[in-house]
Amino acid sequence: MDHWRDHKLAFWVFAIPGTAWLVVFFLAPLAIVWALSFGENISITQTRVTGTLENYGRALLTPVYLQVIWKSVWLSALATAGCLLIAYPVAFLISFVGARWKMILLAAIILPFWINLLIRTYALIAVFRTRGFVNFGLEWVYETLFLDRLFGPFQPLELLYNNFAVGAGLIYVFMPFMVLPLYASIERLDKSLLEASLDLGAGQFTTFWRVTVPLTMPGIVSGIILVFIPMLGSFLIPDLLGGTNAQMIGNVIERQFKSANDYPFGAALSFLLMYATFAALALRAYAAGRRSAAQV
Amino acid sequence: MGQPIIEVRNVTMAYGRLKAVDNVSFDIEANEFFALLGPSGCGKTTLLRIIAGFVSPTSGQVFIDGQDMGRIPPNRRPVNMVFQSYAVFPHMSVEKNVAYGLQVTGTPAAEAARRVGDALERVGLSDLRTRMPDQLSGGQRQRVALARALVKQPKVLLLDEPLSALDAKLREQMQMELSHLQADIGVTFIIVTHDQDEALSMADRIAVMNNGAVDQIAEPWVLYESPANRFVADFIGKVNLIDGEVSGARGGRVTVATAALGKVSIPHDGPASGRVALAVRPEKIRISTSKPGDRDAIATTGTIADWAYYGDSSHLTVETGDGHRLGVIIQNDTRTTIDAMDIGDAVHLSWSASDTLVLDR
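Going line by line, the protein sequences match chains A and B. Counting the first sequence from 1 gives a position; this note's numbering is that position plus 1. Counting the second sequence from 1 gives a position; this note's numbering is that position plus 26.
Any given hint might turn out to be false.
[Said to hold, decoys possible] Simulated pairs of lysine-lysine, PhoX-like, Cα-Cα distance not exceeding 25 Å:
| hint | chain 1 | residue 1 | chain 2 | residue 2 |
| --- | --- | --- | --- | --- |
| 1 | B | 264 | B | 195 |
| 2 | B | 289 | B | 264 |
| 3 | A | 192 | A | 72 |
| 4 | B | 122 | A | 192 |
| 5 | A | 192 | B | 289 |
| 6 | B | 181 | B | 195 |
[What the hints assert, rightly or not] Chain A stretches covered by chain B per the calculated footprint, using a threshold of three residues with CB under 8 Å from any CB of chain B:
| hint | segment |
| --- | --- |
| 7 | 192–198 |
| 8 | 207–215 |
[Claimed, not checked] So, partial list: chain A residues that the calculated Cβ filter (under 8 Å) puts toward chain B:
| hint | residue |
| --- | --- |
| 9 | 201 |
| 10 | 202 |
| 11 | 203 |
| 12 | 204 |
Think of the hints as simulated: they come from the structure by calculation, not from any bench. Backbone N, C-alpha and C define an ideal beta-carbon position, used for all residues, glycine too.
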């Protein structure tokens with residue numbers, strides 16, 4: 002193959018549109034929001050970047066915002082763990098079935114992408130609400146077992162507008178992003194390594210923890226990053242499923258930009274989330290670097 | 027011979043209508059070096075995997091050391107395997123790879139360390155114990171796989187095409203090493219291979235498999251000199267097969283009418299009738315420019331059509347009168363052997379009738 006240096010013109014022709022797109026529609030807005038986070042409102046319609054740190058101070062020193070950030074982190078962490086626990090066996094199964102089933106199951110994982118997120122989230126409301134499918138199902142079981150004669154009429158569970166609903170919604174929406182990288186790494190795993198482990202006397206459980214998990218760790222880490230970060234910033238799911246008392250940081254940010262009309266404070270909250278994410282990624286890169294250095 | 031270490035009884039492995047292994051039975055004695063030899067897709071690897079326990083046969087039984095392995099999973103069988111891909115754990119050092127099988131079965135640390143040290147020494151990897159697998163050559167990775175299996179002190183070591191990924195020189199060296207190792211530690215080896223040289227040079231006995239069935243089990247020289255059928259004769263070494271028809275049998279000899287050689291009389295025990303193939307190995311054919319004088323010899327004439335030079339020997343193709351071709355191997359036992367004949371020369375071929383086999387067609 003020719004080296005790109007031999008075809009400078011072709012290289013620039015293909016490289017410039019994508020780069021321009023990223024600069025104009027991704028980096029520039031990001032830079033604007035970052036600059037705004039050091040700004041002040043001077044009138045209802047005007048903000049000025051003054052280099053003040055007041056927005057960050059307000060975000061970090063007001064307990065209610067810290068509480069929302071903290072809740073967003075643990076809710077996202079819990080939902081990420083839930084995703085991992087459900088997705089790993091699914092990815093494992095897909096990797097071990099025959100070629101025809103593999104196609105069908107992968108299609109089933111990707112299929113939800115074809116339906117709008119809003120509609121899928123509304124569908125979850127129909128599932129979880131007081132007169133929803135889960136409660137209908139439970140009521141049917143309850144009455145079939147004649148428990149209503151013993152304990153009185155069925156009391157529907159409150160499944161919607163709380164943290165449980167937000168967590169379940171996050172898991173449901175982000176599941177494919179966990180399954181796909183896991184599937185890719187399990188598929189790449191040489192299956193004779195698992196046979197070798199069994200052959201050497203390890204049981205299925207030991208083989209899973211000492212061979213399968215370490216060797217699919219890249220997929221696990223990518224899945225966690227791919228799922229945890231967007232979960233942390235999600236606002237549509239907590240907005241629809243969470244009600245008033247189950248808000249995440251995304252909802253607070255959205256409110257600053259819209260109803261509160263406080264762009265600088267919204268920008269500061271956004272970038273606090275951003276800094277935390279960068280810190281986590283840097284920590285991971287540092288750990289990975291140390292690990293590969295230790296192997297040499 | 028005592029109790030066989032492995033007994034395979036009527037084992038069949040069917041995938042739908044295809045039978046990968048078709049009603050196979052045989053015994054393997056303790057301390058034997060046993061080879062399963064056959065072309066790819068003949069079922070030899072499937073049979074090895076059945077013995078290891080990775081697949082359950084559709085029907086039939088496998089006994090190891092007298093015990094029925096029917097419901098025993100691979101991690102509780104007294105056999106260990108060296109995989110074709112080596113399957114060395116890429117996230118563990120050489121030492122940890124070898125120690126793995128002892129750790130997971132709860133061997134005390136001190137004993138495990140001693141046995142790992144011994145195993146690494148035996149395969150010559152003591153200096154590389156802290157290396158990761160991606161820092162090893164193919165041959166070294168294979169030694170890790172070997173040490174990892176041997177450290178478990180299995181009753182039977184299974185080797186799945188262990189040498190196929192090595193280059194020719196290293197393969198020959200490993201053949202020697204495996205033979206010595208097997209004699210040294212006295213463990214039964216079962217090797218799966220498609221390479222006849224590998225099987226002939228290492229194994230005490232060889233089972234030749236074809237289409238899921240075992241065609242013949244015998245010592246290497248018996249397979250070569252007295253193959254049971256046309257497939258075995260053709261698969262092991264080179265052979266000339268000459269079609270003919272039995273026209274008479276008397277006193278331990280059969281008369282076979284062939285288009286290539288006319289009527290020939292050959293010593294043959296057992297029944298033979300109808301259409302047969304005469305088989306003669308190319309190195310058993312004598313070639314000369316003058317007419318040979320043997321009495322009990324089968325003789326014909328032809329011209330040299332092709333000449334492949336291999337240094338120590340030459341492989342000649344001789345075309346006999348009516349378009350038949352016979353392969354002949356001559357040893358270049360003097361520096362001038364090569365000068366005696368050339369392509370296009372008319373030559374006499376002859377071989378002893380007792381070097382000719384009568385095989386069913």
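Now for the hints, and whether the structure bears them out:
no.	hint	verdict
1	B:264 with B:195	holds, 22 Å
2	B:289 with B:264	holds, 24 Å
3	A:192 with A:72	violated, 40 Å
4	B:122 with A:192	holds, 19 Å
5	A:192 with B:289	violated, 58 Å
6	B:181 with B:195	violated, 30 Å
7	192–198	holds (count 5)
8	207–215	holds (count 4)
9	201	holds, 3 Å
10	202	holds, 4 Å
11	203	holds, 4 Å
12	204	holds, 6 Å
The structure does not agree with the numbered hints 3, 5, 6 stated previously, though it agrees with the rest.
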